[in-house]
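J.: Sequence:
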Amino acid sequence: MEKRIFKNLLACSAILAGGALLTSCDDIDEQDRLIPVERPTVERVVLALDFTGMRCVNCPNAAETLHNSMEKYPGSVIVVGIHANAAGDFTLPLGPLDLRAPVSDVYYNYFKPAALPSASIDGATVLSGTELSKWTATIDANISRPAPADIELTTDYNESSREVTVDYKVTFNEMHSEDTSILLWITESDITGPQLSTSGFILEYKHNHVLRASLNGDWGEVLGSNFTTEQECSGTATLKLDESWNAANCEIVGFIFNTGNKSVQQAASAHVVGTAEE
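In the numbering used here, the protein residues as written are 1 to 278.
For the record, the hints were derived by calculation from the structure and aren't laboratory data. A portion of the hints provided could be inaccurate.
[Unchecked claim] Pairs of lysine-lysine residues, derived as DSSO-like cross-links and limited to a Cα-Cα distance of at most 27 Å, are as follows:
| # | residue 1 | residue 2 |
| --- | --- | --- |
| 1 | K112 | K134 |
| 2 | K206 | K240 |
| 3 | K112 | K169 |
| 4 | K72 | K134 |
| 5 | K206 | K112 |
| 6 | K262 | K112 |
| 7 | K72 | K262 |
[Stated by the list, open to error] Derived DEER-like restraints, expressed as beta-carbon distance ranges:
| # | residue 1 | residue 2 | range |
| --- | --- | --- | --- |
| 8 | T165 | P102 | 20 to 28 Å |
| 9 | N68 | T192 | 20 to 28 Å |
| 10 | M175 | G274 | 29 to 37 Å |
Note that the structure is a prediction, hence the values are computed from the model and not measured. Just so it is clear, CB atoms sit at the ideal spot from N, CA and C, and this is done for glycine as well.
Start from the sequences and build out the full structure, keeping to the hints where you can.
T.: Here you go:
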């Protein structure tokens, strides 16, 4: 992800420590303010939640549809696979591999998909797997929407302790009045395991973008509201990776959203081992 430097009139910093979010805001004296410069365009990044399961025969087709959108818009579409225990038999393991995560139930129970596969694009109403063309069309439409902010994620992974530290910075490029929160997830890709499909049993299927855990609670941290142009909010979160996860295949997904209706305003991702800038 390209780093951008902004001249700010108001700076907000948030530090996540001991489960509490500490924020501070400092006004900059008028004489210290820099001459305004034209702000670079912030590209929109779309977040697609894929409600899926290992025993769902139509789910591989849905995953392929989302993969095609990722290829169409490189770096501008992020997919997260939600394997929820609450989905019942469709997400039960096929053998020893279990892709379900407790936190996935939170989002499954909130969005309440009627069946698998289903998708929520940028936190909007769930689309069913019988309308995959709508998944693509919604992503196409959302790509062109203006992004109110840029999100920068920086990761630091300690191999010996298997702990990842994530620093985030949100920079608003326009006035933004909505009550906004930020949520940080960890996903894992290239997980080889069985999968049912319309063509039969697949023994070595590649499960990608699987949600593993949240770094900052089920619904993240509230950043506030009524943001000014070039205002920055920042913070830090840490997580110890499970021994079964391959750190080299893990990514951090960070996104800001309306605290009330959960509509996603912007998203970003970074590799756990190394960062997206490398």
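J.: Determine for every hint whether it applies to the structure shown.
T.: Taking the hints in turn, this is what the structure says about them:
1. K112 x K134: Holds - the C-alpha atoms of K134 and K112 are around 18 Å apart, at most 27 Å.
2. K206 x K240: Since the Cα atoms of K206 and K240 sit roughly 24 Å apart, the hinted pair holds (cutoff 27 Å).
3. K112 x K169: Since the Cα atoms of K112 and K169 sit roughly 31 Å apart, the hinted pair is violated (cutoff 27 Å).
4. K72 x K134: Holds, because 16 Å separates the two Cα atoms, which is no more than 27 Å.
5. K206 x K112: Since the Cα atoms of K206 and K112 sit roughly 26 Å apart, the hinted pair holds (cutoff 27 Å).
6. K262 x K112: It holds: about 14 Å lies between the C-alpha atoms, which stays within 27 Å.
7. K72 x K262: Roughly 26 Å separates the two Cα atoms, so the pair holds.
8. T165 x P102: 20 to 28 Å: holds, 22 Å
9. N68 x T192: 20 to 28 Å: holds, 22 Å
10. M175 x G274: 29 to 37 Å: holds, 35 Å
Hint 3 alone, counting from the list given before, is not met by this structure.
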